[in-house]
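2 protein chains.
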Amino acid sequence: MLINPAVIKLIRDSNNIAILSHIMPDGDNIGSSLALYNALNKIGKNAAFILEDDVPQIYKFLKGSEKVEKPQNNHKFELVIVLDCGDTGRLGKSERYLEGRKVVNIDHHLSNTNFGLYNLVDPNAAATSEIIYQLIKSLDIPLDKDISECIYTGIVTDTGQFQYSNTTNFTHQIAGDLIKQGVEPSKLYRDIYQNNSKAKMKLIGRAINSLEFYHQDKIASMTLKKEVFESIGAQDEDADGIINFARDINEVEVALFFKEAEDEKVKIGFRSKDYVNVNEIAQKFGGGGHKRAAGATVTGEIENIKEKVLEAAIEAFSVV
Amino acid sequence: MLINPAVIKLIRDSNNIAILSHIMPDGDNIGSSLALYNALNKIGKNAAFILEDDVPQIYKFLKGSEKVEKPQNNHKFELVIVLDCGDTGRLGKSERYLEGRKVVNIDHHLSNTNFGLYNLVDPNAAATSEIIYQLIKSLDIPLDKDISECIYTGIVTDTGQFQYSNTTNFTHQIAGDLIKQGVEPSKLYRDIYQNNSKAKMKLIGRAINSLEFYHQDKIASMTLKKEVFESIGAQDEDADGIINFARDINEVEVALFFKEAEDEKVKIGFRSKDYVNVNEIAQKFGGGGHKRAAGATVTGEIENIKEKVLEAAIEAFSVV
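Order-wise, the sequence lines are chains C and F.
With my numbering, you'll find the first sequence wraps up at 320, consecutive numbering, no jumps.
With my numbering, you'll find the second sequence wraps up at 640, consecutive numbering, no jumps.
Only chain C is shown next, with the shape it has when bound in the complex (with noise of 0.2 Å):
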């Protein structure tokens, strides 16, 4: 995208910068604001990166995360930049931040509000680091390998390695130019994918083991009950992405995903690979999400809820 010559200039005339973003951090909102905040520390600003949460663990090798700052009550800044958040209910505590001052806004969620004084909003960027690549470009600050690195994090985790349909030609161009700036690809895999705790591995041999299929293996169903977290010591986050190994099965359309939570509490992933609406599906159950990849809270028993959410995942078949 054309990077707004107005907010090249509003960036270049303020000095006090906080760069905000979303609660629940991943690599593109990570990666994409520590690239912003290395580059205008660069060239003399006096920029934050205020955050809610905690950096995660596998995040803290990209220069600048160490440096992430809480949100506060007292603060100076003249410009606030909201990075890859669809609305500012995603702030969190950082919401505070926004009143009073000149917003800019970029993100890549088509979704997005628009909620800023000027909103870089491209909802064909792969990620919302590739936005900031260009805005750093427009900004005639030269890339240097920790730059880079952190806009390579970003594109790398939200295009699932290359691989989701947000790819372009562009985000090759991206990726290329990064590794010409010093960018090694293999360490930078190496931090961020196999970097797993031992109980989350165990973990994924539970939910495989606890695999069952149905509809002519149409549908894969993985259970994980509240005694197997506690007896490995897994963390309810070590669960993110496990849902993958059953959808990743040659005849499985569907994977169902029951995890066992608080108070009673199941939790729900969907995902298809092809057809089956899988956001229709949780909608049923008071959830909702994408076409391919959904969510649902549910409260009852794991036994009974398994059994109504299969019926439905059945009935989904006869209507595609």
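Hints were generated in silico from the structure; no laboratory data involved.
Among these hints, one or two may not hold up.
[Unchecked claim] Below, computed lysine-lysine pairings styled on BS3-like, alpha-carbon distance capped at 30 Å:
no. : chain 1 : residue 1 : chain 2 : residue 2
1   : F       : 611       : C       : 180
2   : F       : 593       : C       : 187
3   : F       : 518       : C       : 306
4   : C       : 198       : F       : 628
5   : C       : 225       : F       : 545
6   : C       : 187       : F       : 507
Take the given structure of chain C and dock chain F to it, following the hints.
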């Protein structure tokens, strides 16, 4: 690399062209061979792709995969092009096609023996498919979606989804160009990677369950006995790649994989992440490979073998 103009002339002047590649096919030799096969037939050549083994199921979506021929005794080819083979021994029964014919040898292995009349060997290429991309461009054959899918498959499999250290700026430039030609990464990844058999997935679960840790968790080992393969109906090749689950745990430097095979044999896989040379460990057991990935086959009782290999692995830490 610059393509030798003599090779261009030789291909232009030939009508009946055999494309040969190695036994135990993978994504790069299938992808590069089919790309060249499709391109040459597009300009009216009578090209054949001859391969001893069957095309693996996951690559059968590529155009031309149904036209692959088995080696025969009678043939009338003027020109033979060998792809992705370090030496002619890798050709299996296809080796017979070389005798008395002009041979063009196209490869990216450092160890290539330059067995051709012309040798387009570039160890800096991430995949043989990268060289084929350049060859097709030099032949002025327009890329189309089918040819592009073949090249993309070769690149994505030989770089481990753009992650190995062979991935360069040029690799990404090619990938971007292929997307412009109509390649849909999400579709290809689904065909290649989201395509595990139920048996393979169960085997992954069993292997993870067998994880054992040693030497302050710097060593992880997995063990799969014969009866496990039998009980879940898994094939020997279903174990490919499973050792990576052991390596990808954060504390682990060395991963070991013990697989019971026929005739009292135990196949051992070795991987390391950063600094232990597993090639040296494997050599102590009559095997070999690279610093970060090696293998060996040993005759004996699996528990005895594990014990000796573990000792050797622990010792390897004291020499780094």
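A quick look at each hint next to the structure:
1. A C-alpha spacing of about 26 Å is found between residue 611 (chain F) and residue 180 (chain C), which places the hinted pair at or below 30 Å, so the restraint holds.
2. With a CA separation close to 10 Å, the supplied pair residue 593 (chain F) and residue 187 (chain C) stays within the 30 Å bound.
3. At most 30 Å may separate the alpha-carbon atoms for a hinted pair to count; residue 518 (chain F) and residue 306 (chain C) meet this at roughly 21 Å.
4. Note on residue 198 (chain C) and residue 628 (chain F): the hinted pairing holds, with a Cα-Cα distance of about 24 Å set against a maximum of 30 Å.
5. Between residue 225 (chain C) and residue 545 (chain F) the alpha-carbon distance is near 28 Å, which keeps this suggested pair within the 30 Å criterion.
6. This hinted pair checks out: residue 187 (chain C) and residue 507 (chain F) have alpha carbons roughly 27 Å apart, not beyond 30 Å.
In this structure, none of the earlier numbered hints is contradicted; all agree with it.
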